[in-house]
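Residue numbers (the numbering used here), protein chains in the order written: chain F, 1172 to 1478; chain P, 46 to 581; chain H, 314 to 663.
These are computed hints drawn from the structure, not numbers from a lab.
Backbone N, C-alpha and C fix where the C-beta goes; we use that ideal spot for every residue, glycine too.
Any given hint could be a false lead.
Cross-link-like lysine to aspartate or glutamate pairs, in silico, DMTMM-like; alpha carbons within 20 Å at most [said to hold, decoys possible]:
no.	chain 1	residue 1	chain 2	residue 2
1	P	Lys256	P	Glu195
2	P	Lys79	P	Glu261
3	P	Lys460	P	Glu516
4	F	Lys1354	P	Asp182
5	H	Lys556	P	Glu402
6	H	Lys555	P	Glu402
7	P	Lys460	P	Asp507
8	P	Lys438	P	Glu457
9	P	Lys79	P	Asp260
10	F	Lys1354	P	Asp184
11	P	Lys406	P	Glu393
12	P	Lys271	P	Glu299
13	H	Lys555	F	Asp1458
14	P	Lys271	P	Glu250
15	P	Lys406	P	Glu326
16	P	Lys332	P	Asp348
17	P	Lys460	P	Glu520
18	F	Lys1354	P	Glu155
Only some residues are given here: those of chain H computed to face chain F with a beta carbon under 7 Å [to be verified]:
no.	residue
19	Asn455
20	Leu463
21	Tyr467
22	Ser474
23	Val654
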Amino acid sequence: MNETLMLTILTIITAATPLVYAAIGELVVERSGVLNLGVEGMMLGGAVCSFAVAHHTGSATLAIVAGMLAGMLLALIFAFLTLSLQSSQVATGLALTIFGIGLSALLGQSLVGIAFEGLPRLHVPWLSELPVVGRLLFSHDALVYGSFAIVILVSWFLNRTRAGLVLRAVGDSHDAAHALGIKVIRVRYMATLFGGACAGLGGAYLSLVYTPMWVENMSAGRGWIALALVVFAVWQPGRLLLGAYLFGGISILQLHGQALGINVPSQLMSMLPYLTTILVLVLISRDRGRIRRNAPASIGQSFYPTT
Amino acid sequence: MPLRFGQGTLTALQSFCSLMPESISPRAETGNGKPLVEMRGITKAYPGCLANDSIDLQLHSGGVHALLGENGAGKSTLVKVLYGLLASDSGEIYWQGEPVHIASPAVARELGIAMVFQHFSLFDSLNVLENIALGMDVDASDELQQRIIEVSTRYGLPLDPTRSVYSLSVGERQRIEIVRCLLQDPRLLIMDEPTSVLTPAEVSELFVTLKRLADEGLAILYISHKLEEIRQLCDEATILRLGRKVAEADPRVESARSLATLMMGSEIPVSQDSRQGTVGEVLLDVKDLSLSAVDSHDIALRDLHLQVRAGEIVGIAGVAGNGQDELMQALSGERRLQQAQSLSLCGEAIGRQGAGERRRKGLCCVPEERLGHAAVPTLSLSENAFLTAHHRKSLGVAWFMSASRSRQFASEIIKRFNVQCHGPQALASSLSGGNLQKFIVGREILQAPRVLVVSQPTWGVDAGAAMAIHEAIRELADQGAAVLMVSQDLDELMQNCERIGALCAGRLSAFHRVQDITVQQVGLLMGGEELNGVNA
Amino acid sequence: MITLQRRADPSRLMGYLAPLLALGITLLAGLLLFAILGVPIGAAFYAFFIEPVSSLYGWAELGVKAAPLIIIGVALSIGFRAQVWNIGAEGQLILGGIAGAAVALLFHENDGWYVLPLMILAGVAGGMAWAAIPALLKTRFNVNEILTSLMLTYVATLLLSWLVSGPMRDPDGFNFPESRMFHDAALLPRILEGTRLHAGAMVALGVVLAGWVLLTRTLLGFALRVNGAAPRAGAHAGFSQKKLIWTALMIGGGCAGLAGLFEVAGPIGQLLPSISPGYGFTAIIVAFLGRLHPIGVLFAGLVMALSYLGGETAQITLSLPLAVTGVFQGLLLFFLLATDVLINYRVVLK
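Chain F on its own, in the form it takes in the complex (with noise of 0.2 Å):
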């Protein structure tokens, strides 16, 4: 297999990964009836404070676990301010998102310029050392296979479980998931927990894996971009991971691109992901009947038990 094209679809899972994270996080959020515009900012947190973590444990694991646990830190504030305060969601997570650039910044600011030697890759005896099938497939570090597996579980979780159809209900009518008695408030803070945790997964697997090292606002749009997916999907898990893996396509593009023969300025080519965003949402939202039948219905609004 040529060289050029392996080195390009490795480069493909890396990108996609925490496209993967952040998203079907942020699915599981929205099925809930709740949009969480902070992504962006989850990922900065989960960013700075994995690559913290592991610059000065040297643990991978510790610093992976961090980054979930900031991602959700920052989505206990939005769950407590939109959830338990009635704030507007849209302004909430927008100001998660002010506040999460500003926050990893200012705790960055010792950590720029340093570099990490990234993730230990899975060595899986006899299948990491077969030919091509070993590199594409086996040689991967957990957090790849971790976002398979995420998928693979949200989508038994949402399909095949009492906790997952209350999760649904819970998100198409909130009023009538009261009435019978569910707990609303609670099964929010929750999937909002979640969708934390997964942001800050997918920016922990940005500064220990991509790059791997700590740049102020280093997402870089890939937490909107990942708010995009979940529309592209039309909230179901499985096509979320296609949307994951064409995003990653596009954006490496911009890196290979000199290589490939393609001689456009950076810049433009670097607008790539930004504009196929726009075009599959448009591509996606035009079908209204679709976006209206597979929408949470309650998505965005305020629950406030009046009875």
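Based on these hints, arrange chains P and H on the given structure of chain F.
Below, chains P and H alone, put in the same frame as chain F:
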């Protein structure tokens, strides 16, 4: 008009009884022993309103007990306490003589209490099976699916467990709720205003089911403000007024009038049919009106024909979800039509015009939903007056609003229609349903429209306000306007309209003069059937 | 236990008090943050809030920073009132700057009186054109404007970076990624000698006034408010939602473009790879802090401008990272959203 059907609410209500199957007659009282449930001294206060004031209630197995009262009498609050959705401020509940604390619906279900809500607590995007599983704290298993089919066939409530709820009719949705309750083998079944969304035929089917359930020993608490229904179905009644229990009665021996007197606290004045209007030229002309569905939630309108003349009130009956919303959108201009000719106002084709233009030319509408559609909840009455009347009442100068003229107009509405509020600065959301509806109807009537289209003018409104609204609408017609009234309330239509037709699955029936048809026949029209031998 | 109880009517008093309360709490949280960072609290307080405005120059700088925040903040308030979530004002600002600069560079050997007015027109048009994309996509294809306007901000940033390093680069600039300096005729007049305070500050006051009249006195403003509060009621009244979406985005884009033009023709005087320290995003906070009301936005703009100045001073005198400003701004918005609960709910101890 000697043969005119509706002389008043009561006659119309009485006519309803003929719908009930003859075979059903009130049964002997079965529950002389210990009550299944006893509520004692239930009190619940909301800020600024005492919803339940020390109410007692006893329910017996095998009996159908009516909880009767006007909107706002405290019926819903009381049953929510019983079902664990609300905590009462004081009072006790005894279950088979034992004191119980019903902290949540789960506890209520554990005891054997099941409830069918007025607004169904269903999830549109989930299927029937999933909906039922959610309400029962069990998994959506094949076994459950089997039980659903069993119960639904046994009680004559056909259901397909795999259908998505959004594709079901209102009647089918109610079946889900009932089947869900029955699957839990309840001891007590609470039904909150179950017939308000059903056709007369569906109502009688429901009553057969309920009677059978009571015969099997179930206690049923039946909440309603429809007197005839209660006389037909129930063997005990508790009557609430303004949060207090005012009487216990045996509905089998009381007349509808005496029950109404207990419910309202005084004799209800019967509105006089004093309309002398002469019918004039055609003001509203609907020809071949079709409207496609945007998605599967919508009903497509197909080839509607309809004429309303000056001085005439024409009624459109129908069960909710048969295209009423779409018809209102098509007439008001919220959705423009394909063909300008499909809709004419005083001879001018206006089908391609928007809502603002149509209103300017004299077509005013009152949509069903008060808050969020007819009025903006977070704005004052002044601003809500400006909302639709700014052009016809010149409440602005060029691009600018005139606050003083809006206030003046709002004050005029408040005064003329006796709207109870803190004045024109009060927020729309602070008004009671009846008062807000008076304000909204008044706002359109005072604009002196040539044509008024009004949907559900008295939905969820107390009797006093309902009468005032009906009178105002008739007066408008007497002055030469054409009125089209869309309603699910047959009594309302029979009482106020000259001609009546029905909307079923997006199609309009032929229209008949009310003196030529009976309520049962309107029921047939609502079911999509045509009448033979009746002049259209 | 603390529970919330819905008020019968929203509290007007709390509408005014909540932002002040939020400011107070942010101040306390900020001092706590300084304590954690090991900075003497007194010095930090002085650097952030006193020193920036202890001179005439400082006040002028406050105006320089506040002007774009207020201009955009007012425009965003109008949009947010209509529930049109244009959060890409930063991108529209950049396009305004690019378009204005293009005119200035086109006429770089010309000192006619018409150069500046043309630049202003171009700036407004540039911002509007950028905002027209989300407007078109929203009204025609139902695409969420939050995501598109934001994506376009990233595109705008890259576009600017490409232009200053390519087509619009100063030919005599030793390959630095920046345009040539503007001619005097392409610069905004200063309104205070010896400072950088430019005519844009006066325009900002005009925008506040115009925004206030629009929102509270005109049919269009009413239609926008109704569309935000109850879109179906707006449709019932005959207001076209599509037109309102277009209007809100054109106002937002036009004002952001104007602010961008003021930046390049005012304090900067040329096109650089970065022409704004995030004014377009901070203006979102300004709009909320100002209660989506133009007069409130005026004060909120001044407060946020002070946070920029304070951050810069603290960086110089206490060598605090500039990112502190962002943290402050985020905290302020959080506390504001939290205290807003008091408007509609009573806090009850049980």
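Evaluation of the provided hints:
| no. | hint | result |
| --- | --- | --- |
| 1 | P:Lys256 - P:Glu195 | holds, 19 Å |
| 2 | P:Lys79 - P:Glu261 | holds, 17 Å |
| 3 | P:Lys460 - P:Glu516 | holds, 16 Å |
| 4 | F:Lys1354 - P:Asp182 | holds, 13 Å |
| 5 | H:Lys556 - P:Glu402 | holds, 15 Å |
| 6 | H:Lys555 - P:Glu402 | holds, 16 Å |
| 7 | P:Lys460 - P:Asp507 | holds, 19 Å |
| 8 | P:Lys438 - P:Glu457 | holds, 12 Å |
| 9 | P:Lys79 - P:Asp260 | holds, 18 Å |
| 10 | F:Lys1354 - P:Asp184 | holds, 18 Å |
| 11 | P:Lys406 - P:Glu393 | holds, 10 Å |
| 12 | P:Lys271 - P:Glu299 | holds, 14 Å |
| 13 | H:Lys555 - F:Asp1458 | holds, 17 Å |
| 14 | P:Lys271 - P:Glu250 | holds, 17 Å |
| 15 | P:Lys406 - P:Glu326 | holds, 17 Å |
| 16 | P:Lys332 - P:Asp348 | holds, 7 Å |
| 17 | P:Lys460 - P:Glu520 | holds, 17 Å |
| 18 | F:Lys1354 - P:Glu155 | holds, 17 Å |
| 19 | Asn455 | holds, 5 Å |
| 20 | Leu463 | holds, 5 Å |
| 21 | Tyr467 | holds, 5 Å |
| 22 | Ser474 | holds, 5 Å |
| 23 | Val654 | holds, 4 Å |
Violated hints are absent here; each numbered hint is respected by the structure.
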